[in-house]
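Participant: Listed below, chain by chain, are the residues.
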Amino acid sequence: MHAFQYHRPSNLKDAVATGAKDEAKYLAGGQSLVQAMKLRLAAPGDLVDLNALADLKALKADASGVTVGAMVRHAEVASSSSVQKVIPALAALAGMIGDRQVRHMGTIGGSLANNDPAADYPAAVLGLGATITTNKRKIEADKFFKGLYETALEPGELITSVSFPVPKRAAYMKFKNPASRFAIVGVFVADFGNAVRVGVTGAGPSAFRQADMEKALAAKFAPESVAGIKVKADGLNTDLHASAEYRAHLVTVMAKRAVEAALK
Amino acid sequence: MNAPLIGARIERKEDYRFLTGAGQYTDDLAMPNQAYAAFVRSPHAHAKIRGIDASKAKALKGVLAVYTGEDIAAAKLGGLPCGWLITDVNGQPMKEPPHPVLAQGKARHVGDQVAVVIAETQDLARDAAELVEVDYEVLPAVVDAVKARAKGAPVLHDIAPDNTCYVWSIGDKAAVDAAFAKAAHVTRLDLVNNRLVPNAMEPRAVNASYSRHDDSYTLYVASQNPHVERLLMTAFVMGLPEHKVRVVAPDVGGGFGSKIYLYAEDVVATWAAKQLNRPVKWTSDRSEAFISDAHGRDHITVAELAMDKDGKFLAMRVNTTANLGAYLSTFASCVPTILYATLLAGQYTTPLIYCEVAAVFTNTVPVDAYRGAGRPEATYVVERLVETAAREMKLDPAEIRRRNFIKTFPYQTPVALQYDTGDYEATLSAAIKMADVAGFPKRKEEAAKKGKLRGLGYCCYIEACGIAPSNIAGALGARAGLFEAGEIRVHPTGSVTVFTGSHSHGQGHETTFAQVVADRLGLPLDKVDIVHGDTSKILFGMGTYGSRSIAVGGTAIVKALDKIVAKGKKIAAHLLEAAEADIEYDRGVFKVAGTDKQKAFGEVAFAAYVPHNYPLDKLEPGLNENAFYDPTNFTFPAGSYVCEVEVDKETGTTQIVSFVAVDDFGKVINPMIVEGQVHGGLTQGIGQALTEGTRYDAEGQLLSGAFMDYAIPRAGDVPSYKVDTRETPCTHNPLGVKGCGEAGAIGAPAAVINAITDALGVKDIPMPATAQTVWKTLQTRI
Chain A
1 MHAFQYHRPS NLKDAVATGA KDEAKYLAGG QSLVQAMKLR LAAPGDLVDL NALADLKALK
61 ADASGVTVGA MVRHAEVASS SSVQKVIPAL AALAGMIGDR QVRHMGTIGG SLANNDPAAD
121 YPAAVLGLGA TITTNKRKIE ADKFFKGLYE TALEPGELIT SVSFPVPKRA AYMKFKNPAS
181 RFAIVGVFVA DFGNAVRVGV TGAGPSAFRQ ADMEKALAAK FAPESVAGIK VKADGLNTDL
241 HASAEYRAHL VTVMAKRAVE AALK
Chain B
265 MNAPLIGARI ERKEDYRFLT GAGQYTDDLA MPNQAYAAFV RSPHAHAKIR GIDASKAKAL
325 KGVLAVYTGE DIAAAKLGGL PCGWLITDVN GQPMKEPPHP VLAQGKARHV GDQVAVVIAE
385 TQDLARDAAE LVEVDYEVLP AVVDAVKARA KGAPVLHDIA PDNTCYVWSI GDKAAVDAAF
445 AKAAHVTRLD LVNNRLVPNA MEPRAVNASY SRHDDSYTLY VASQNPHVER LLMTAFVMGL
505 PEHKVRVVAP DVGGGFGSKI YLYAEDVVAT WAAKQLNRPV KWTSDRSEAF ISDAHGRDHI
565 TVAELAMDKD GKFLAMRVNT TANLGAYLST FASCVPTILY ATLLAGQYTT PLIYCEVAAV
625 FTNTVPVDAY RGAGRPEATY VVERLVETAA REMKLDPAEI RRRNFIKTFP YQTPVALQYD
685 TGDYEATLSA AIKMADVAGF PKRKEEAAKK GKLRGLGYCC YIEACGIAPS NIAGALGARA
745 GLFEAGEIRV HPTGSVTVFT GSHSHGQGHE TTFAQVVADR LGLPLDKVDI VHGDTSKILF
805 GMGTYGSRSI AVGGTAIVKA LDKIVAKGKK IAAHLLEAAE ADIEYDRGVF KVAGTDKQKA
865 FGEVAFAAYV PHNYPLDKLE PGLNENAFYD PTNFTFPAGS YVCEVEVDKE TGTTQIVSFV
925 AVDDFGKVIN PMIVEGQVHG GLTQGIGQAL TEGTRYDAEG QLLSGAFMDY AIPRAGDVPS
985 YKVDTRETPC THNPLGVKGC GEAGAIGAPA AVINAITDAL GVKDIPMPAT AQTVWKTLQT
1045 RI
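Residue numbers (our numbering), protein chains in the order written: chain A, 1 to 264; chain B, 265 to 1046.
This is chain A alone, in the form it adopts within the complex:
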């Protein structure tokens, strides 16, 4: 690890001011950034630790929706009885991220800002049509994910919370990479009664929605509605673990199983 300046601001204003410096990086749960620093792949000049920002740690869930503070750990979302009650699929997804250690450090804000192509949360954010609140504005899920590790966040802009609307029913199915346990393909299906959203992570350079499946499920929310949909492999990821063709196939399988699970 290279040397860096460490900051631990106690309010949002100071955090954003320091975070605006060149070569500055925000430190949330550190589950991706610290690894990259240890491997000397990332070498921020200033590290702005967000762990003292109490405002970013609130978790609220009721009939009107779930709002997760940017610094809320995955383990907290997974074990929250109110999240489990309001959007059980969201709690279940949080419980599938990484391993126990990762879940007790990693945060939703860190995950979304990093936008790893195989991260789990982007599937839920897209699948539920969440709203991302930053220190400057509110960003719709559909406008947030821009590409491989790219988001709509401007330099220094900081996520403060994420708000999820409550679906009628939803489920997340994940096909895990056997080594990293990230998603080779993860599909989040949410039925809002008047509309259905399908968020897919792991398959492409960045999470995306699967429009043909949404349409088919809106007509009939049943596994057979998606089972026959062949996803195009063009543009999907190929790596050691899965070819684009295999990923395309898995999107259909995971979507079908997510619908089955949502109906249970």
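Hints listed in this document are in silico derivations from the structure and should not be mistaken for laboratory results.
Please note: incorrect hints may appear among the correct ones.
[As the list claims (entries may be wrong)] Below, in silico cross-link-like pairs of lysine-lysine (BS3-like), each with a Cα-Cα straight-line distance of 30 angstroms or less:
hint	chain 1	residue 1	chain 2	residue 2
1	A	Lys264	B	Lys708
2	B	Lys714	A	Lys232
3	A	Lys264	B	Lys913
4	B	Lys714	B	Lys1040
Given the coordinates of chain A, assemble chain B onto it according to the supplied hints.
Facilitator: Using the frame of chain A, we list chain B on its own:
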């Protein structure tokens, strides 16, 4: 009198310190005035080194030195030796290219060590290592062993222009060919035994220091065999006398073979410690381990089995290309030959076997022994062939094995080994019962209703362990003896310290060996401690590998114990005023036979050290004995595994729903430790079969160089194992033991792949049979 300890399930004595953080690993040790090393490693698989500019690194405050291959050459440090000479088919010695501890003019794999930086802190050493500028001229690389032998392939070493270290063979080719010509059926398989990265939990580490006080060196190192490390380093590399070098392998967190070898980092740190008169420490991180620890396996094989019309095996013909990596690691040469081809008889009476092996240099990390070392590769060949033959002959896979089992012992195989004892039917029938093979068709049917494919696979393995009789090993090319040494030091009040040349790095010797000693002497277990891993304490040792510790190291201890008891009888006879011949030793008490006259072990020990009433004219005081033991034969653990899998057709995911292992390890000292070894071995074997894929790209970059991409199995990936043992005691050691450390890793891969191919109805599937591989296979299945 104490209860028998041999055969008792006793919790491991060493676990308390490991579980409470009181273990002492090499990296835990900090010497006064400690300095730290970081290695500059080649980012290229094959490159000329045109020059190295270390000026920026040296200018960094706190950097003590930067050394390159030129410094090593100027110091006349030798290269790393290979401990086993293989003679090729033409009677020529294998090609032994130099293996410099820092590259001399050329780097031959990604990770090859090119320079070393020594600095005041580890971070500083690493910062400085990034500033060392190496001017590389990148050369074409070759990673595939078959391609490396083709005309026009990039050449790694001048002395091996065809990249071939040796072509070696065993068996009568003409007789085998003749048998094939007459066969009713021939089964043929093209097999790849995938390259594995060992990944011990503790990465390699060294901490070397030099003392001007007496011109001596001390090297702490995460090693499986400190005496061999010292022998190789002093005699063959550094030209130092052994009495000036102490090697200590303290607590070591796993090895699986990867810590048998003498590595460049050990030599460089030791040499640098004297140059700088500072202790030099180097600890590998995981990324470095992937590109610098010796890898395992990597065979490409064509295997054929000839049978008569009843499925009786007539002959086997095997042609293997073994990838050695860029250099010859310490025991690399014997793994794909002596430890591989000699096991091709398996548990069967196949009368004729011919095997030819080409061992090849490629631009990859050196390959050497990894848990099983040659025997998993042999077992995979034999048991994949046998299972496939059964399917082709429409015979039950258990039945074809039974028709060919060796049933009378001793049995001389056509590939050099003589099996002393075994009962293959006993383990197979027990495994079949435990696995409820009779109920399999029903389970398959039920799985099919859920859209799942069920399959069942067998593996009946044999291994040669307890390596080895020194004279036989020597005749086969070993450049070292393969005995073991032990010493029993009885203290004046009757407690005992045992010194063993075996090394425990997870095996639980501190418990198992203590059980043997406490049982034999009739002492409570807490009166016995085992000491290992320090050349200054232990008379000699050949270390731990090849499942040899209890069979060879344990026997050396038993021989020393016999001497203790013999001397104790002399002392007791004197104390009890009886004839020595009338003294019996029974569980802690010396007795005059047929009387109630007796002396406790502690009383006799005390008399030996406070010899007031003692036959000083005939007997030396003290009670301390040592013994060297060189076995007369290998031991032959064997067993039967039955694996049942369920394959998800939609995703290709394989779930192991049941795994039964019935092993014959001879006499078992501690069943709980043996079960732990079997569980660990099976898990590593399942890892090879299902998840562990070492992948290089064509340029020689290791793509699977981190746990993010290299999948070792986790608890959730393996079933709750059903294990049991059957016992045919080894005939040529006093404990009747055979060894158990490698069995699971040897037998599991074939059992798993046999089960998956059964489920899919295909002849073969490559390892690792990942979900994607299974899915692809299902897409192309006819």
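Participant: Assess, step by step, whether the Cα of Lys714(B) is no farther than 30 angstroms from the Cα of Lys232(A), and give holds or violated.
Facilitator: Holds, because 28 angstroms separates the two Cα atoms, which is no more than 30 angstroms.
Participant: Between Lys714(B) and Lys1040(B), is the straight-line Cα distance small enough, at 30 angstroms or below?
Facilitator: Between Lys714(B) and Lys1040(B) the Cα gap is close to 21 angstroms, so the pair holds against 30 angstroms.
Participant: Take the C-alpha atoms of Lys264(A) and Lys913(B), compute the straight-line distance between them, and say whether it is at most 30 angstroms.
Facilitator: holds, 22 angstroms
Participant: With the threshold set at 30 angstroms, check whether the alpha-carbon distance from Lys264(A) to Lys708(B) stays at or below it.
Facilitator: Status holds; Cα separation ~27 angstroms.
Violated hints are absent here; each numbered hint is respected by the structure.
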